[in-house]
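Following the hints, complete the assembly by docking chain B onto the known chain A.
These protein sequence lines map, in sequence, to chains A and B.
In short: position in the first sequence from 1, add 10, done, that's our numbering.
In short: position in the second sequence from 1, add 10, done, that's our numbering.
Think of the hints as simulated: they come from the structure by calculation, not from any bench.
Quick caveat: nothing in here was measured; it's all calculated off a predicted structure.
Among the hints, a few may not be true.
To be verified - Taking lysine-lysine pairs in the DSS-like style, the calculated list, with each CA pair at most 30 angstroms apart, reads: (1) A:19 - A:78; (2) A:78 - B:67; (3) B:40 - B:18; (4) B:83 - A:83; (5) B:78 - A:67; (6) A:161 - B:196; (7) B:78 - A:83; (8) A:83 - B:19; (9) A:60 - B:78; (10) B:161 - B:18; (11) B:184 - A:161; (12) B:64 - B:196; (13) B:83 - A:78; (14) A:227 - A:56; (15) B:82 - A:56; (16) B:161 - A:82; (17) B:184 - B:97; (18) A:83 - B:227; (19) A:18 - A:64; (20) A:56 - A:196.
2 protein chains.
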Amino acid sequence: MKNTLSLKKAVVLLSGGLDSATVLAYAVSKGYVCHALSFDYGQRHKSELKAARKVAKALGATEHVVVKVDLKKFGGSALTSDTPVPKSRSNKAIGVGIPVTYVPARNTVFLSLALAFAESIVARDIFIGVNALDYSGYPDCRPEYIRAFQKVANLATKAGVEGTRFRIHTPLIKMTKADIIRLGTKLGVDYSITHSCYDPAPDGTPCGMCDSCILRKKGFREAGISEIR
Amino acid sequence: MKNTLSLKKAVVLLSGGLDSATVLAYAVSKGYVCHALSFDYGQRHKSELKAARKVAKALGATEHVVVKVDLKKFGGSALTSDTPVPKSRSNKAIGVGIPVTYVPARNTVFLSLALAFAESIVARDIFIGVNALDYSGYPDCRPEYIRAFQKVANLATKAGVEGTRFRIHTPLIKMTKADIIRLGTKLGVDYSITHSCYDPAPDGTPCGMCDSCILRKKGFREAGISEIR
Chain A
11 MKNTLSLKKA
21 VVLLSGGLDS
31 ATVLAYAVSK
41 GYVCHALSFD
51 YGQRHKSELK
61 AARKVAKALG
71 ATEHVVVKVD
81 LKKFGGSALT
91 SDTPVPKSRS
101 NKAIGVGIPV
111 TYVPARNTVF
121 LSLALAFAES
131 IVARDIFIGV
141 NALDYSGYPD
151 CRPEYIRAFQ
161 KVANLATKAG
171 VEGTRFRIHT
181 PLIKMTKADI
191 IRLGTKLGVD
201 YSITHSCYDP
211 APDGTPCGMC
221 DSCILRKKGF
231 REAGISEIR
Chain B
11 MKNTLSLKKA
21 VVLLSGGLDS
31 ATVLAYAVSK
41 GYVCHALSFD
51 YGQRHKSELK
61 AARKVAKALG
71 ATEHVVVKVD
81 LKKFGGSALT
91 SDTPVPKSRS
101 NKAIGVGIPV
111 TYVPARNTVF
121 LSLALAFAES
131 IVARDIFIGV
141 NALDYSGYPD
151 CRPEYIRAFQ
161 KVANLATKAG
171 VEGTRFRIHT
181 PLIKMTKADI
191 IRLGTKLGVD
201 YSITHSCYDP
211 APDGTPCGMC
221 DSCILRKKGF
231 REAGISEIR
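Chain A with its partners taken away, still in its complex shape:
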């Protein structure tokens, strides 16, 4: 039984942040052979990708593929343009409305590419670290969105037509940031190598004031866990 499980391949979307690192640790703990997938999508900084490489290695992904896809060509987001990233927003303000850091259709683009990768390597399981609780108000993090995409995955593909059931796993979808950090800590994630900030200094130091930094700090505080072990 253990052998069967250990042969299960999965594609794990890995941004280099706290959530996707936890997802990778979770998928590995469930016996999946994990193919980590990251994107060089024209984000303002490359600290994310550096972190993703470290995380993939530290948590035992069998490979880490980085695909270039130039979302910058479309613009429309503070994460891929020169629009300032909002700072020092209160916890109440975060999660109300959709912020300028929203990248148009980003998770759909990422999941489509994960699907292409999964079908190519004959994997049927795709893991993504979306979160519908302590999230930033992005529509493509909601359970109904994920269900709709899963339906597309099965209709879109040769594998789906031939009987494979693709499954989009969202183990964090109902967790608070503190829950996520507790789970990852139990699974041995070293969060000091992850990167969450939307607007780091050129050397990668987090700004400490964007929504992502604020949610991260709040999560560690509520989990009662120190960020640096």
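Just chain B now, with coordinates in the frame of chain A:
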């Protein structure tokens, strides 16, 4: 009324082939301001992209954006690898099963990027030249797939959440190749600048023997129209 119509923006997926050229002509004829979108996805030859540029210009697209997305990283198709393209298959054989020219999840990747583009330019209409009749057996050309993707589009996006209804237009979905050629000819498409071949010579000359060349020739024959005007 005419002014309102002429302000309607659309994203039109343009491969440089016969079908997407017809779709672009159709969308223009319906009064859409058309933003053509093509992909440099690691296809074996660049004749498609050259044709797409000519077609976009000839048919009056307001802009033509080419986005790089490296599907070659995943492999799994004769169109993005060294697997030979099948030649001289009979009309009966074409459309039975899914051929090696299938690119994993290609239309899902392309439609996702079209959605990202549409949301960025505040367009709600996306045109794609899929065809469920004289097609090559690809699952992501079926009406049920398109419906499922449209649902994803509306759940995935800020625009969808805020009340925009994205629409995926597939004007060719129930047409034969001959119907498509008749429609395009009526709309003034110069098919001599389009490119259909999966495996052209280095100078772009079509092989004449792949499924795509065979379907194209059959279409012109059945439409009673000469390919070169």
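The hints, checked one at a time:
1. A:19 - A:78: holds, 23 angstroms
2. A:78 - B:67: holds, 27 angstroms
3. B:40 - B:18: holds, 10 angstroms
4. B:83 - A:83: OK: residue 83 of chain B and residue 83 of chain A at ~21 angstroms, within 30 angstroms.
5. B:78 - A:67: holds, 27 angstroms
6. A:161 - B:196: violated, 37 angstroms
7. B:78 - A:83: holds, 10 angstroms
8. A:83 - B:19: Distance ~17 angstroms between residue 83 of chain A and residue 19 of chain B Cα, so the pair holds.
9. A:60 - B:78: Holds, because 22 angstroms separates the two Cα atoms, which is no more than 30 angstroms.
10. B:161 - B:18: Status holds; Cα separation ~21 angstroms.
11. B:184 - A:161: holds, 23 angstroms
12. B:64 - B:196: holds, 19 angstroms
13. B:83 - A:78: Since the Cα atoms of residue 83 of chain B and residue 78 of chain A sit roughly 10 angstroms apart, the hinted pair holds (cutoff 30 angstroms).
14. A:227 - A:56: With a Cα-Cα distance of about 21 angstroms, the restraint between residue 227 of chain A and residue 56 of chain A holds, given a limit of 30 angstroms.
15. B:82 - A:56: The given pair, whose Cα atoms are some 23 angstroms apart, holds under the 30 angstroms limit.
16. B:161 - A:82: With a Cα-Cα distance of about 25 angstroms, the restraint between residue 161 of chain B and residue 82 of chain A holds, given a limit of 30 angstroms.
17. B:184 - B:97: Answer holds: residue 184 of chain B to residue 97 of chain B is near 26 angstroms, not above 30 angstroms.
18. A:83 - B:227: Since the Cα atoms of residue 83 of chain A and residue 227 of chain B sit roughly 36 angstroms apart, the hinted pair is violated (cutoff 30 angstroms).
19. A:18 - A:64: Holds - the C-alpha atoms of residue 64 of chain A and residue 18 of chain A are around 23 angstroms apart, at most 30 angstroms.
20. A:56 - A:196: Between residue 56 of chain A and residue 196 of chain A the Cα gap is close to 28 angstroms, so the pair holds against 30 angstroms.
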